[in-house]
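*Asks:* Fit chain B to the given chain A structure using the hints.
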Amino acid sequence: MISHYPLASLLSWPPIPHCLDLDGEEGVALQRYQPRSPESSPHCWSSVQDWGEEVEEGAIYNVTLKRVQIQQAANKGARWLGAEGDRLPPGHTVSQLETCKIRSIRAGTLERLVETLLTAFGDNDLTYTSIFLSTYRAFATTQNVLELLLDRYGSFEDCEGEHNQCRTGESRVAVRTALASILRAWLDQCPEDFQEPPSYPSLHRVLGFLRKAMPGSEPMRRAQSLLEQLHVQASLENETQGGFQYTNPFCIGEDEEVEIDLQEDFFSFKVDLVAEQLTYMDALLFKKVVPHHCLGAIWSQRDKKDGKQSAPTIRATITQFNAVTACVVSTILRQRQIRPHLRARIIQRWIDVAQECRIRKNFSSLRAIVSALQSNPIYRLKRVWASVSNLDSCAKDHQKRSHKRLQLQKEMGAMQGTIPYLGTFLTDLTMLDTALPDQVEGGLLNFEKRRRVSTTFLIIWFLLYQDKTPAVISRAMAKHNLEGEQAADYELVQVISEERELVIPDNANVFYAMSTSANFDFLLRLRGSEGRPVQLRSRCSSTLPRTQQRSSLSLRLSKVTL
Amino acid sequence: MNMGTDLTYNFVFKVVLIGESGVGKSNLLSRFTKNEFNHDSRTTIGVEFSTRSIQVDSITIKAQIWDTAGLERYRAITSAYYRGAVGALLVYDITKHLTYENVERWLKELYVHADPHIVVMLVGNKSDLGNVRTVPTEEAKDFAEAKGLLFMETSALESTNVESAFLEVLTAIHKKVASKEVTRGSISAVTLGPSSEFNEERRSCFQKQ
Numbered sequence: 001m002i003s004h005y006p007l008a009s010l011l012s013w014p015p016i017p018h019c020l021d022l023d024g025e026e027g028v029a030l031q032r033y034q035p036r037s038p039e040s041s042p043h044c045w046s047s048v049q050d051w052g053e054e055v056e057e058g059a060i061y062n063v064t065l066k067r068v069q070i071q072q073a074a075n076k077g078a079r080w081l082g083a084e085g086d087r088l089p090p091g092h093t094v095s096q097l098e099t100c101k102i103r104s105i106r107a108g109t110l111e112r113l114v115e116t117l118l119t120a121f122g123d124n125d126l127t128y129t130s131i132f133l134s135t136y137r138a139f140a141t142t143q144n145v146l147e148l149l150l151d152r153y154g155s156f157e158d159c160e161g162e163h164n165q166c167r168t169g170e171s172r173v174a175v176r177t178a179l180a181s182i183l184r185a186w187l188d189q190c191p192e193d194f195q196e197p198p199s200y201p202s203l204h205r206v207l208g209f210l211r212k213a214m215p216g217s218e219p220m221r222r223a224q225s226l227l228e229q230l231h232v233q234a235s236l237e238n239e240t241q242g243g244f245q246y247t248n249p250f251c252i253g254e255d256e257e258v259e260i261d262l263q264e265d266f267f268s269f270k271v272d273l274v275a276e277q278l279t280y281m282d283a284l285l286f287k288k289v290v291p292h293h294c295l296g297a298i299w300s301q302r303d304k305k306d307g308k309q310s311a312p313t314i315r316a317t318i319t320q321f322n323a324v325t326a327c328v329v330s331t332i333l334r335q336r337q338i339r340p341h342l343r344a345r346i347i348q349r350w351i352d353v354a355q356e357c358r359i360r361k362n363f364s365s366l367r368a369i370v371s372a373l374q375s376n377p378i379y380r381l382k383r384v385w386a387s388v389s390n391l392d393s394c395a396k397d398h399q400k401r402s403h404k405r406l407q408l409q410k411e412m413g414a415m416q417g418t419i420p421y422l423g424t425f426l427t428d429l430t431m432l433d434t435a436l437p438d439q440v441e442g443g444l445l446n447f448e449k450r451r452r453v454s455t456t457f458l459i460i461w462f463l464l465y466q467d468k469t470p471a472v473i474s475r476a477m478a479k480h481n482l483e484g485e486q487a488a489d490y491e492l493v494q495v496i497s498e499e500r501e502l503v504i505p506d507n508a509n510v511f512y513a514m515s516t517s518a519n520f521d522f523l524l525r526l527r528g529s530e531g532r533p534v535q536l537r538s539r540c541s542s543t544l545p546r547t548q549q550r551s552s553l554s555l556r557l558s559k560v561t562l
Numbered sequence: 001m002n003m004g005t006d007l008t009y010n011f012v013f014k015v016v017l018i019g020e021s022g023v024g025k026s027n028l029l030s031r032f033t034k035n036e037f038n039h040d041s042r043t044t045i046g047v048e049f050s051t052r053s054i055q056v057d058s059i060t061i062k063a064q065i066w067d068t069a070g071l072e073r074y075r076a077i078t079s080a081y082y083r084g085a086v087g088a089l090l091v092y093d094i095t096k097h098l099t100y101e102n103v104e105r106w107l108k109e110l111y112v113h114a115d116p117h118i119v120v121m122l123v124g125n126k127s128d129l130g131n132v133r134t135v136p137t138e139e140a141k142d143f144a145e146a147k148g149l150l151f152m153e154t155s156a157l158e159s160t161n162v163e164s165a166f167l168e169v170l171t172a173i174h175k176k177v178a179s180k181e182v183t184r185g186s187i188s189a190v191t192l193g194p195s196s197e198f199n200e201e202r203r204s205c206f207q208k209q
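First to last, the protein sequences are chains A and B.
Residue numbers are given in full-length UniProt numbering: position 515 of the first sequence equals residue 515, and the series is strictly consecutive.
Residue numbers are given in full-length UniProt numbering: position 34 of the second sequence equals residue 34, and the series is strictly consecutive.
To be clear, the hints were calculated from the coordinates, so they are not data collected in a lab.
Be aware that a few hints might be false.
[To be verified] Residues from chain A that keep clear of chain B, each with C-beta distances beyond 10 Å, as calculated: (1) R137; (2) N322; (3) A435.
[As the list claims (entries may be wrong)] In silico DMTMM-like pairs for lysine to aspartate or glutamate, Cα to Cα no more than 25 Å straight-line: (4) A:K212 / A:E147; (5) B:K34 / A:E441; (6) A:K382 / B:E109.
[As the list claims (entries may be wrong)] Rough simulated footprint, nothing fancy, chain B against chain A, three-plus residues with beta-carbon under 8 Å: (7) 314-321; (8) 420-429.
All C-beta atoms in this analysis are idealised placements derived from N, C-alpha and C, irrespective of residue type, glycine included.
Just chain A, same shape as in the assembly:
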């Protein structure tokens, strides 16, 4: 099933194989779960080998060995990885197998998890930072993490203590650089963490560090502009709300009913116009979704006392969803005295709208309409449904319908759309949250759980990630210190195989344009330089705090050349 799931292969840790029992026509239930050893399926997993566990004080690591073939000029691949390859003479090409040791933290104390932000890159655990940032709220607060990070590693005085012994000036600079890069990723990925009016203590803390450590740097400017932005936002809200504290402007209270006044005849609206309008409304809300609001640990607190204000962006999409279902139900039932076949026409009309939503890949409204039609007040209208079936000859054909349903499920799940139905993710994350323990042996925080949770975030991110090619290119350039150059000079290329590549067109939405059957191996290339060596290579997903590349914390020898 992983193969349906293009994004799974983006992750640097091996997806966990599992066995599924499929039940042909019907739905599919996960009957059992069986971790397979890498050897059992040489096809997919031959390049990754489980190397066991490493246990340290307050941390447990999973160690895997991954064999990677290096075909391109070694210095370029290595430059990407920020490793020792930089020292190879230019043009020196290597074509050999390299074994890369990936050491990823499985569980640890909060202190160790925070420390890992600085060391993960050297351990080849490339996605650690972004996973940590998107999930840490389940086990710590912003203040907690900042304190641990900056008190211990960001201090400017001469430090003693075991963690800082023999730290040379050079390595201290490296630590600071790494810190700045983590903070930058934080400011970029989760600016809402710093929404602490009126005094914004966390953001001031960050800014204070960056001013001292890297005055005038990009991360510092980032922090500064975020602070200004938050101040402006707050003062605007004060004006409009008479000093009321922070509320989300786009959040309609979930329990407020959205009145939909349908004085107009429903039939006076064109089907595609209705679908278009619904899609527009959904898109506005979906773009504002903050993925970690779906976090099982946060979402399941939503009904608790202090959870009322939590996850406003998710609540807003649900309010819209419920409004659509209410609208469907009321248009069908509003007129009491009406012949079944007339009521059936209204249902038919909604089915057509649903179909249009599907074409627009608006799975939220599609699901809302279908749910409304299945809700008891509508479902029980037997005579009306009989007329609907007459209208829709397709619906008579159960075979066809069940096939359609299957296809629909696949679309809703695997590809999701421009606008997904968030409920799927909420269920998954809630299930994951309950099924996996927060802590493992010895009370260490279970970070493996966070890794699994973040897979779902990644998907949500991708769906929010409606970027056209130029935006992706400039982001990649920013990540790799190429900001000085012109984004327009570069093109984005997906490497399909040794021989084939796909140049992503400039006007394309990258998420849809890329090939999902191939590796997610992307590169940036100077235009008109085909055939010339690669400029930059990337897995498109890994958030790679750029300055970590220069971090010299990776003292461990993590690469073995075979």
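*Replies:* Here is chain B on its own, set in the frame of chain A:
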């Protein structure tokens, strides 16, 4: 649930888990079905329930257990979720009195949407936290008796009574069906043998998606 083993069950019973959020519904489910909730596959395929087959008096019952995990706020979705259910576990948290006070509301909703013959068990979860209990066992037991519900206290954490709770509900459903107390068709999701599989499939066109 491949085609091979599909033919070996005699009944399919749909059971729903209801109750306030945070009472441990999903935990009970994962305890009983022993599934790892691999979210990758769930999302891909759109599975909305977990199954487990059990033996009662040489008869195989496939329990199809539905959990609204995280979806309680989508009103229309929860309404469709009750359809065809022949059993329900109404769960509250013995340490949070409010979750118990809301049992009546859940019961009302259940009877509005579900089959009148549905077998309901009141489940007081988190019995491992007896020292901070706010709902006395006797009080809940008496309430259940007055309303004609089965009753049990469980701990999903320590796996106490989880198996028994589900088994008791499934056995009670089976008794109802076997004693012909209810005519077939009244409990609609019950499928007798593989020959009537078609019925189940037709129904599920509406249940899933």
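*Asks:* Work down the list of hints and note, for each, if the structure agrees.
*Replies:* Now for the hints, and whether the structure bears them out:
1. Look at A:R137: its CB is around 17 Å from the nearest CB on chain B, clear of 10 Å, so calling it non-interface holds up.
2. The claim that A:N322 lies off the interface is violated: its Cβ sits roughly 5 Å from the closest Cβ of chain B, which falls inside the 10 Å cut-off.
3. Taking the minimum C-beta to C-beta distance to chain B, about 4 Å, the non-interface status of A:A435 is violated against the 10 Å cut.
4. Restraint check: the Cα-Cα separation between A:K212 and A:E147 comes to about 16 Å, which is no more than 25 Å; the hinted pair holds.
5. With a C-alpha separation of about 21 Å, the suggested pairing of B:K34 with A:E441 holds against the 25 Å cut-off.
6. Simply put, A:K382 and B:E109 have alpha-carbon atoms about 22 Å apart, close enough for the 25 Å limit, and the pair holds.
7. Against chain B, the region 314-321 of chain A contributes 3 residues with a C-beta closer than 8 Å to a partner C-beta. That satisfies the three-residue criterion, and the hint holds.
8. Coverage of the region 420-429 of chain A by chain B holds. Counting CB-CB distances below 8 Å, 7 residues qualify, and the rule asks for three or more.
Of the hints listed earlier, those the structure fails to meet are numbers 2, 3, in rising order.
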